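These two chains come separately, so use the hints to put the complex back together.
Sequence order for the protein chains is A and B. Going by the numbering used here, the first sequence opens with residue 1, and the numbers climb by one from there. Going by the numbering used here, the second sequence opens with residue 345, and the numbers climb by one from there.
I should point out that these hints are in silico values taken from the structure, not numbers from a laboratory. Each hint should be verified, as a subset may be incorrect.
[Said to hold, decoys possible] Facing chain A, from chain B, some residues (calculated, C-beta under 7 Å):
no., residue
1, V442
2, T444
3, V701
4, Q717
5, A800
6, A801
7, A828
8, I848
9, L853
10, V856
[Claimed, not checked] What follows is a set of in silico ranges between Cβ atoms, one per label pair, in the way DEER data are often shown:
no., chain 1, residue 1, chain 2, residue 2, range
11, A, Y43, B, T768, 45 to 51 Å
12, B, V469, A, M32, 37 to 43 Å
13, A, D62, B, I735, 39 to 45 Å
14, B, L721, A, V89, 26 to 32 Å
15, B, Y726, A, L275, 29 to 35 Å
16, B, L721, A, Q189, 39 to 45 Å
Just so you know, these numbers come straight off a predicted model, no measurement behind them. C-beta atoms are modelled at their ideal positions from N, C-alpha and C, and glycine is treated no differently.
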Amino acid sequence: MGLGRYIARRTVYTIVLLVVIVIFNFFLFQIMPFLFACPGMTYNRCVQLLYVPQQAPKGATDPILALHHEQEIIMTAYGFNRSIPERFVLYFKDMFTFQFGFNIHGVLGGSVLDSINKRLPFTVLLLGASTVASFIIGIGLGVVAAAKRGKIFDVSSLATLLFVNALPVFFLAGMLELSQLALTGTFYQPVGAALLSKIGWAYDAAILKELFLPFVTLTLAGIGGVFLTQRAVMIDTMAEDYILMARAKGVPERTVLYTHALRNAVLPIATAFALSIGFILSGAIITETVFGWPGLGQAIYLGVEGIDFPLEQAMFFIISIMVLIAIFVADIMYGFLDPRVSTG
Amino acid sequence: MARVKRSRFAFLSGYRRTARLYLKSKIGMIGLVIILFFVILAIFSPELTSNNPVFDVGVGAPYSVPAWATIFPQYSGYAVTGYVIRPVLFASTSDLDVWTLSGVTNGTVTRGISTAAPHFKSGPVYPGSMQVNASIIPVNQSVRSPSLPYGQAFFSLSQSFQWTTKAPNEFLIAALIKPLKVENVSAIYLNFIVSTPTSNLSLSSNQTFILGQEIRILPNQFGQWKWSNISDALLPLSGLPAFVKGSPSSIVFNQVGKYTLTLQVMGIPNGDNPSISMNIASLSFHEQGNAYGLLGTDNEGRDVWSQLVWGSQISLMIGILSGVGAVAMGALAGLAAGYLGGLSDEIISRVTDFFLVLPFLPLLIILVLIISQNDALYANLYWWIIAVFVILSWPSIAKIIRSQVLSVKERQYVEASRALGGGTPHIIRKHILPNVMGLVYSQVALNVSGFILLEAALDYLAVSLHPIDVITWGAMLTNALPDATANSSAGYVWWWFLPPGIAIAALSLAFVLVGFALDSIFNPRLRAR
Numbered sequence: 001m002g003l004g005r006y007i008a009r010r011t012v013y014t015i016v017l018l019v020v021i022v023i024f025n026f027f028l029f030q031i032m033p034f035l036f037a038c039p040g041m042t043y044n045r046c047v048q049l050l051y052v053p054q055q056a057p058k059g060a061t062d063p064i065l066a067l068h069h070e071q072e073i074i075m076t077a078y079g080f081n082r083s084i085p086e087r088f089v090l091y092f093k094d095m096f097t098f099q100f101g102f103n104i105h106g107v108l109g110g111s112v113l114d115s116i117n118k119r120l121p122f123t124v125l126l127l128g129a130s131t132v133a134s135f136i137i138g139i140g141l142g143v144v145a146a147a148k149r150g151k152i153f154d155v156s157s158l159a160t161l162l163f164v165n166a167l168p169v170f171f172l173a174g175m176l177e178l179s180q181l182a183l184t185g186t187f188y189q190p191v192g193a194a195l196l197s198k199i200g201w202a203y204d205a206a207i208l209k210e211l212f213l214p215f216v217t218l219t220l221a222g223i224g225g226v227f228l229t230q231r232a233v234m235i236d237t238m239a240e241d242y243i244l245m246a247r248a249k250g251v252p253e254r255t256v257l258y259t260h261a262l263r264n265a266v267l268p269i270a271t272a273f274a275l276s277i278g279f280i281l282s283g284a285i286i287t288e289t290v291f292g293w294p295g296l297g298q299a300i301y302l303g304v305e306g307i308d309f310p311l312e313q314a315m316f317f318i319i320s321i322m323v324l325i326a327i328f329v330a331d332i333m334y335g336f337l338d339p340r341v342s343t344g
Numbered sequence: 345m346a347r348v349k350r351s352r353f354a355f356l357s358g359y360r361r362t363a364r365l366y367l368k369s370k371i372g373m374i375g376l377v378i379i380l381f382f383v384i385l386a387i388f389s390p391e392l393t394s395n396n397p398v399f400d401v402g403v404g405a406p407y408s409v410p411a412w413a414t415i416f417p418q419y420s421g422y423a424v425t426g427y428v429i430r431p432v433l434f435a436s437t438s439d440l441d442v443w444t445l446s447g448v449t450n451g452t453v454t455r456g457i458s459t460a461a462p463h464f465k466s467g468p469v470y471p472g473s474m475q476v477n478a479s480i481i482p483v484n485q486s487v488r489s490p491s492l493p494y495g496q497a498f499f500s501l502s503q504s505f506q507w508t509t510k511a512p513n514e515f516l517i518a519a520l521i522k523p524l525k526v527e528n529v530s531a532i533y534l535n536f537i538v539s540t541p542t543s544n545l546s547l548s549s550n551q552t553f554i555l556g557q558e559i560r561i562l563p564n565q566f567g568q569w570k571w572s573n574i575s576d577a578l579l580p581l582s583g584l585p586a587f588v589k590g591s592p593s594s595i596v597f598n599q600v601g602k603y604t605l606t607l608q609v610m611g612i613p614n615g616d617n618p619s620i621s622m623n624i625a626s627l628s629f630h631e632q633g634n635a636y637g638l639l640g641t642d643n644e645g646r647d648v649w650s651q652l653v654w655g656s657q658i659s660l661m662i663g664i665l666s667g668v669g670a671v672a673m674g675a676l677a678g679l680a681a682g683y684l685g686g687l688s689d690e691i692i693s694r695v696t697d698f699f700l701v702l703p704f705l706p707l708l709i710i711l712v713l714i715i716s717q718n719d720a721l722y723a724n725l726y727w728w729i730i731a732v733f734v735i736l737s738w739p740s741i742a743k744i745i746r747s748q749v750l751s752v753k754e755r756q757y758v759e760a761s762r763a764l765g766g767g768t769p770h771i772i773r774k775h776i777l778p779n780v781m782g783l784v785y786s787q788v789a790l791n792v793s794g795f796i797l798l799e800a801a802l803d804y805l806a807v808s809l810h811p812i813d814v815i816t817w818g819a820m821l822t823n824a825l826p827d828a829t830a831n832s833s834a835g836y837v838w839w840w841f842l843p844p845g846i847a848i849a850a851l852s853l854a855f856v857l858v859g860f861a862l863d864s865i866f867n868p869r870l871r872a873r
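Just chain B, with the same shape it has in the complex (with noise of 0.2 Å):
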């Protein structure tokens, strides 16, 4: 019994020995640690990303650099495209104390954590909010203040930051709110102002024009969500004379230091006693300037962090599959036609030569093209690419195999297993295969190289096929090159261009290095003596 269960897990010892003897090979780890780490890319893409690689278009501005590029002269002071104020979610009262929330002179104002929030089919889930409530005691017309015509406010909330970049391009508040009870007031306004370190610029209008309506919010919309949002592109429609010279963002953020951001709730109040509950379920101020994430953005705005990682996946699906596919049927076609001889040796054999003769790149577009063309093919197109890349690339790997096989086949103890009465399962099993499977390996990691470069240069050649939802390093490389060779005044864009081109490098240059580890440990002729 012991016997037999030994021999069952006798191939486990040779699969060991193998694997101490890689772990030894330098050059065998780096390799799998580049593939680890784009296999983990490839996963993970999902969770690794945030935005859409191909239909997320303007994340941020066109020609974003990274935002770590900042520490460089020539991008110092970019205003990186983000949140300066993140929205908070308000779960719990400790939420809260993010805003300051000040009343008005003879006024009440408390606040706390209400459950009421709102839902929306997607984007963030909303655990609550925060409410407020604030009544006031109505002043005399003649009192009111004077840049305040429309009302009286009744509480306020603010946060302070910390400005030290350039000016964004664009910028936009937003508030998520809801008044719930509104006694003896007539109509709401928002107010957003921003302090600058020197002065205060009210944000929005009191003059209940265009943007005054955005703000506005009249009873018929009381007890209901409402989005308040101020954004540089609407300003200028408000007519205040501060933003007519030039763009709001370029005028409120001239200058570096502490600024404050004020929602100020007003109300008019019709009646004694005016009070305004109100919930807020999210406050936000987000900036669009010229630089973007980890990798910044392309010609359109997109994400190249989530094209580099998206990427990942079609160049080693397309590698790995058609490495092992090629290699597989290569193998077969070697082994049969090294071993068997005869007949299958000569047809393989011609099979080679013919496929040697043909352009390979120029015959692998016009198959690709070919494909293209009829709809149902073409929804399936990098299967059909893999089909392409597997046929057309067996015969030369199954040259190799069969020379490998001859030579097996022609040692001496491969012959004394014959004489001992050995059929050619067993020779197969026992001689021929072992001897052959590392050579096999290695093929297949050499091969996936192959195949991934191959990739990246269809991708070239035939951009105008290539899906519109899919990206790949290819296409990036593809979509990246005019602006790389002529764009100057995008710093001809390194951060789009090179890191698709250094992935292709770095993962096909992993696989040629497995291989070269594999062949070394299979083939001991090539380890250095």
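Just chain A, with the same shape it has in the complex (with noise of 0.2 Å):
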């Protein structure tokens, strides 16, 4: 099999798993959560039931007027007026062309697309900075730590790694939030109330400031994974019989280690970081809930709270089209980097 036909049935493969994806999600917030809600009730009931306000809204001169009036937007809006198949076509128009609605409720703004772009920046810097720190430590360790196996650094940097793997990540960020205290006496402010003064460079001063907290928590949540994973492709590949065969013909450790060694040992590692990079968007929702991150990952907390499907729905597709660009990207990667996949 050649790099272009194994490119072109990837391609193929990915286009059909976005389509099942949507087909998921379609059932996973237009179907499913009113199949659950109000069992033996028919499907419009339920949602009117859910989401159509039962009260006028205050103020209004003709009370049932303005209800009627009020329901009428929420059903045409959400098409909830129409049938299943209906809903599905338009469901699938709107996931392609990134008509995202509306959010249900106030909490985050009005256009889904908006409060998504608005929340990107925050998302991208935070996960990336602490993806990319993660992943060179846990690369670095990891390989040090193989080629010193058993030996005082291996064993402590495992169970150290082990341990703070370990610990619940909201549980890391409160003692991190009480290092802070002890160390610099101010407690960490969320960052929205931190920023809402600031312009310029003294916005993007503070931005970073409060950076700090969120990046050392994912950072050191994330480690672990890498190191260990590090680790044992690392051990695996000096059992190798080339790397015998180096050592046989006199080659410096040094050079088999971090020439003939890390450079397959690094491919496992490179896959995993390509399915990261897909995730970022997912964004750390404990991290970004626990220290008030206006993150994606916070916007879906949020969404779950008020049961915003509009939102999470478009959170879901673009998680999955990024990953699913990420697996791709990481399979051409590997068919350039490994001969041995595409040629089978």
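Listed below in structure tokens is the structure:
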């Protein structure tokens, strides 16, 4: 199988998977909530019960008319007055044209796309920085630990990272907030409050300052997995025959380690890294919520709190596209880096 | 016959070998000990705790520090919530000596054990009571003590205790008594007297104000069991001048030293030879301070130790059940995909890819949210959470098992076995399974660890969906987090915030260690050479 055919196959496969995911999302957000929330009730009745206002807006001159008007608007805006097949077609169209509609609850502002756009930079900044940092540190520690297997460095870094990995993220976040308090004497300020009065460079500086703790939390939480994978792959690679061969012919240990072994051992990590980049947009729900970081993860959390399905389905769709692209890129990259894959 | 027997138990030797190797693994044993510790907590939760972790609000003052923390300088002298004087159950004559009985001059007093005991639907079972018979010679009005205008003392019971801490927030003195036979006495009064190291304070008013009604026993109440309470909340109402200025506990317990609690029984004689026979089932002195129990209390005065112990049940149940379930499903699917190949392999690989693309945690919360919209499903929320964990996790496990099966399948001895005519069941049983089971065991351990953490994360993110009658470690952490990061006056509630966090970390780490140990036993390549 040539590289061209390999890429073509992966492309078709990726598109099929995307369609399947859109269908699943439709079921998850448009059908399932109503199946579970009001069993034995018709779809439209359940929708009305859950989402359509039952009380007239305050201050209306004719409450009944106003209520009907309000209900009409909601029913049309979210397509609740259509049949399920109609809705599905519409849903499909909306998703692929990025018409995500409006947030049901006011917490996150009006248009879903707007609220996503507004939060995107925060999440990319936080997740991007911490993902890169945790991969760099994790790979570095993993390689050194594998090289010094069984020595104090290996055992202590393994024990430490296993312990950090076993901490619930919000516990870790709380402990870090406390350590900031102990070290600097100031509390962590959720980013929203700290930014309101600032513009220009002061704004950027304030963001970077408030970025620190969530960044450290996520990096610490991420290092463990990378470290363990890198260490295991490296140890496996070090047992390969060609390493023995290289050593036997007198190649210096450093060269064996960093040229022969690492180049092969970094492949699985590269895939994991691509996947992590794909998941950046899903944000870090827990960390962003604990620190009040106004990213997409917090939006997902707030959306779940308010049963805001337009936002959630848009997020799911966007995340899925990103992850599919990441996997696709990783696969292609693998095809280039490791000839064994594409030539089978 | 002997051959058959040996082969039937042949599999045991494999287990014995594994067990022997496992016992040698240090990290494996550490993990096992930690897990055993929490399993014991989970199994013996009712025996280990005396308070309901959720509903027993106010067993101590809110934000009480643990009792042992009073050794630290910043908490030194905190009064520990508990009995200063425990209620004694009067079962035998030796129990009588706990209280010192003293009569009055010109009177007689005797005591003994009586089988008469109060019966309550809940609470302690009283085996019996102390019976005191006292008679006095009535004195002239004018000779009576001026401080006790409404009667004459018949007898008193007293006990001394050493007070070493600061004043408690609250205290409660309670007596459970029953006047048995009362002759020529028109009413009985109970006086609770606390003698501080420097002075005597009568805690009950002899004026029949509000407090007096609590204490006074009229003839129509004779023959019935009756609680008589004095608490610092009641005392200011009594109008006693000593307690108008501040809280009674801070006035009474303002010094350290030897205190004596005395219950003085008085009556108003209205004839010759007045006598009182009285049963006393319980007499106790309880204080509420700023320290409580093993792990203190939370913001509502609930016992943190109880919460920690009961929380272990949910963590272990969810972790183990979903770990076993997910790995069982994943292993079956992985075996099918790896060994059979073809269509089943294709399907399972595609399903795995599908689940890989979905954002795991958001999907998890949304599913739990959807489930909790339905009352019938919400009643079994934790079983549904386990089901969701299993459904969302088995594909990645199947992927791991599949690749192991694929690599085993290609090994030469499997091919040799097939060439010799070994059928599929034979090969799976004799060659594939033994080489995959190690991975399966270690996957169970590693996944249990993951699910314990996941359940905690779910508690945090879906805290509004948390069933009200269940406590989990994740919920404890979530409840404590605001206080832990902001409440400096309560010392950042370390006794409340740290234990569940450490427990989650310890338990999930323990399972990881067990997984590592199993991995290195079954996967000789990982053993250090």
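How the hints compare with the structure:
A cut of 7 Å between beta carbons decides the hint on V442 of chain B: the least distance to chain A is about 46 Å, and the hint is violated. At about 51 Å, the closest approach between the beta carbon of T444 of chain B and any beta carbon in chain A exceeds 7 Å, and the interface hint on this residue is violated. Nearest Cβ of chain A to the Cβ of V701 of chain B: about 5 Å, under the 7 Å cut. The hint holds. With its C-beta approaching chain A no nearer than about 4 Å, Q717 of chain B sits inside the 7 Å limit, and its interface hint holds.
For A800 of chain B, the interface hint holds, since its Cβ comes within 7 Å of a Cβ in chain A; the closest pair sits about 4 Å apart. Interface restraint check: A801 of chain B against chain A, minimum CB-CB distance 6 Å, threshold 7 Å, status holds. Restraint check, A828 of chain B versus chain A: the minimum CB separation of about 5 Å is within 7 Å; hint holds. This hint holds: I848 of chain B has a C-beta 5 Å from the nearest C-beta of chain A, less than the 7 Å allowed.
At about 4 Å, the closest approach between the beta carbon of L853 of chain B and any beta carbon in chain A falls short of 7 Å, and the interface hint on this residue holds. Among the interface hints, the one on V856 of chain B holds; its C-beta lies about 6 Å from the nearest C-beta in chain A, closer than the 7 Å criterion. Look at Y43 of chain A against T768 of chain B: about 47 Å separates their beta carbons, and that is inside 45 to 51 Å. Look at V469 of chain B against M32 of chain A: about 53 Å separates their beta carbons, and that is not inside 37 to 43 Å.
Look at D62 of chain A against I735 of chain B: about 50 Å separates their beta carbons, and that is not inside 39 to 45 Å. Range check, L721 of chain B to V89 of chain A: Cβ separation about 30 Å, and the 26 to 32 Å hint holds. Roughly 30 Å separates the CB atoms of Y726 of chain B and L275 of chain A, a value that falls within the hinted 29 to 35 Å. In this structure, L721 of chain B and Q189 of chain A meet the distance hint of 39 to 45 Å, their C-beta atoms being roughly 40 Å apart.
Violated hints, in rising order: 1, 2, 12, 13; the structure is consistent with all others.
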